[in-house]
Amino acid sequence: MRASETNDMTGKIRQISRSLLEAKEADYVIGYELETDGSVCPVFIDCPEEVEKLVWNDRCIHNLASFLKKTIDDGESRVAIVSKGCDVKSIVALLQEGQIVRDKIKVLGVDCSGQRDEKGNLLLKCKLCRDHRPLLYDSLIANERVDVREFDVDSVDYSEVEDVEKMSVEERLRFWKEEAEKCIRCYACREVCPLCYCVECFTDQNLPKYVPSTPSIKGNFLWLLMRTFDLAGRCTGCMECDRVCPVDIPLHLLNRKAIKDVATLFGYEAGRNPSEKPLLAVFSEEDPDEFIK
Amino acid sequence: MVTEKKVIDDEGLNQFVSALIQHGYAVIAPTIKADRVFYGVVEKGSEFVREYSNAQNSPKDFLFPRMEEILRFTDDETVVETFPKAVKRVFLGVRPCDAMAIKHLDKLFNWDYADTHYNKRRGDAVLIGLACNTPKSSCFCTSLGGGLGPHHKKNVDMMLTKLDRSSYLIEAVSELGEALISLLECGVLATSSHDEKALELRENAEKMITKRLNLDETFKVMDDNFDSAYWKTVARKCIGCGICTYLCPTCHCFDIQDEGLFRLRFWDSCQFALYSKHASGHNPRDQPHKRFRNRVYHKFVYFKKNLDEALCVGCGRCKTYCPSKVDIFKIVSEAEAGISEYRSVEIPK
Chain Y
8 MRASETNDMT GKIRQISRSL LEAKEADYVI GYELETDGSV CPVFIDCPEE VEKLVWNDRC
68 IHNLASFLKK TIDDGESRVA IVSKGCDVKS IVALLQEGQI VRDKIKVLGV DCSGQRDEKG
128 NLLLKCKLCR DHRPLLYDSL IANERVDVRE FDVDSVDYSE VEDVEKMSVE ERLRFWKEEA
188 EKCIRCYACR EVCPLCYCVE CFTDQNLPKY VPSTPSIKGN FLWLLMRTFD LAGRCTGCME
248 CDRVCPVDIP LHLLNRKAIK DVATLFGYEA GRNPSEKPLL AVFSEEDPDE FIK
Chain B
686 MVTEKKVIDD EGLNQFVSAL IQHGYAVIAP TIKADRVFYG VVEKGSEFVR EYSNAQNSPK
746 DFLFPRMEEI LRFTDDETVV ETFPKAVKRV FLGVRPCDAM AIKHLDKLFN WDYADTHYNK
806 RRGDAVLIGL ACNTPKSSCF CTSLGGGLGP HHKKNVDMML TKLDRSSYLI EAVSELGEAL
866 ISLLECGVLA TSSHDEKALE LRENAEKMIT KRLNLDETFK VMDDNFDSAY WKTVARKCIG
926 CGICTYLCPT CHCFDIQDEG LFRLRFWDSC QFALYSKHAS GHNPRDQPHK RFRNRVYHKF
986 VYFKKNLDEA LCVGCGRCKT YCPSKVDIFK IVSEAEAGIS EYRSVEIPK
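Protein sequences, first through last, are from chains Y and B.
Here our numbering is used: position 121 in the first sequence is 128, and no number is missing along the way.
Here our numbering is used: position 103 in the second sequence is 788, and no number is missing along the way.
You may find that some hints are simply not true.
What the hints assert, rightly or not - Here are some of the chain B residues that sit facing chain Y, going by a computed Cβ distance under 7 Å:
| hint | residue |
| --- | --- |
| 1 | Pro-750 |
| 2 | Arg-751 |
| 3 | Met-752 |
| 4 | Glu-754 |
| 5 | Ser-822 |
| 6 | Leu-898 |
| 7 | Arg-921 |
| 8 | Ile-928 |
| 9 | Leu-949 |
| 10 | Leu-959 |
| 11 | Tyr-960 |
| 12 | Lys-1004 |
| 13 | Tyr-1006 |
| 14 | Pro-1008 |
| 15 | Ser-1009 |
Calculated directly from the structure, the hints in this document are not laboratory data.
Keep in mind the model is a prediction, meaning the values are calculated, not measured.
Think of the CB as a built atom: it goes at the ideal place given N, C-alpha and C, for glycine as much as any other residue.
Please model the complete structure; the sequences and the hints are all you need to start from.
Rendered as structure tokens:
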């Protein structure tokens, strides 16, 4: 990204944030702030004087929609949120599931040409991205250099998922066993997920306890699989779980497998249309049933 | 005790690892796993990576494993306590911060109760340190007391200092180290020029750590301002996962549960709501900022009250691997200024 682009876009984000805060149309703004080491982290801006902290560049990796979970309980806060195309899909999914109220959220949608890691490599989610321009926004921070063409559903690349599907059952078991053994049950994948908002997570239930909370192979397998199933038809593929995992479990393979199956079997993708009912809230006679034996 | 110092090359270090393994030691050292550095058991010296700032996990994983069996129930309705097998271990390439962390864990697990499981694992484990020549920008070990610094060697049995591209100064620090250095068949005796080089590297490394903290002032300010709204503000971007506590080399909380015929103890984290939830349903740390505050206070206030030291060793793992880059150094070092700003503010619900 050119310096002039980041400066222009940063300027627009600050300007819109300032006017929202001054007009008291938002209680606070969730955006990105530059760290001293050059990385970028989430920031909460409560008053117009602080908007200069806000930045935009190609290190704005975090999906800030996870912080909207905190507003679910109070139901009062009016929040402005800086969102990329991928993050907006999480917001749409939360709207679809009735967890947030549209009027309380001001979306500062940002045209995004992709985010990069500390080594300058484009992230996997950005290589797969088809929504460089957010699907929903209240204000658009446009960038004419970004390709904002309509997405083509047939062009979705599931090659990493297909590589796992091609494995024999034994190979696949060995592969996932090795990955599951690494899990330390820090629940960063759960906490960072915008769609993991259960008041009590199934793994925390202890009366009775039906998923072991010990980091044993059995407990870890159950955790990883039940997490995937709970997110099937809901996950929008932001891959934040993948980014935060401190032991590098490729969680996106599980989630994208679910995304692929949901797309193939039901022609559904979560987070595209706020007025569309969530997949699991719909019964259709056309639903495939070959898997029911 | 005259400490013997030698200078060896990479090949000499590999031979030393082989000698340790031959003498029945399990050697645990930083290894590469998919581009990242993790402590693991090595089979040969070449698996020990030497170019790293620090491993993602810490030696804690081997002394206080994330899960262990503590007893089992048998078919004849008796209960048998189980203990870890005594294994001769060498931790190789331990950074001074992590060595200090082990010292804190030694104290903690022998404070009001001598923890048999920890002590069995710790046993006579040998610590071979590797001095930090290029600390990271996130490091702040020099402010944390006990003389800790990038070349600090008080808590290890032997110390390695990388002098140049392929030579290491190796020295015995404790009697245990003295006994082990005799396994080293290669290398030359160190001269004063090697010592001078090591000193120069140490001074350089110490200069690279620019983050400073006044522990006593921090303690006082925090102890007086537990209820400040500052803690709520700084906790905002914390997502509430357990990464900081599980990768921390000194965090040591655990839970105990029965699974089948086994009673297991496994890591637990004060960052989880379930951690402090009472059987009645009441939770004294019912909001995220209260859990966040507990972690910071345990490091800088509670441990100092109980065992007269800070429990943080300045390794920077909590910030480096935090999904939101929450910076404990920044939060603690800015506490005084931050708290005075929030002094009159009531904590909103």
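Task: Earlier hints that do not hold, by number - done: Per hint list: 1, 4, 6, 11 and 12 violated.
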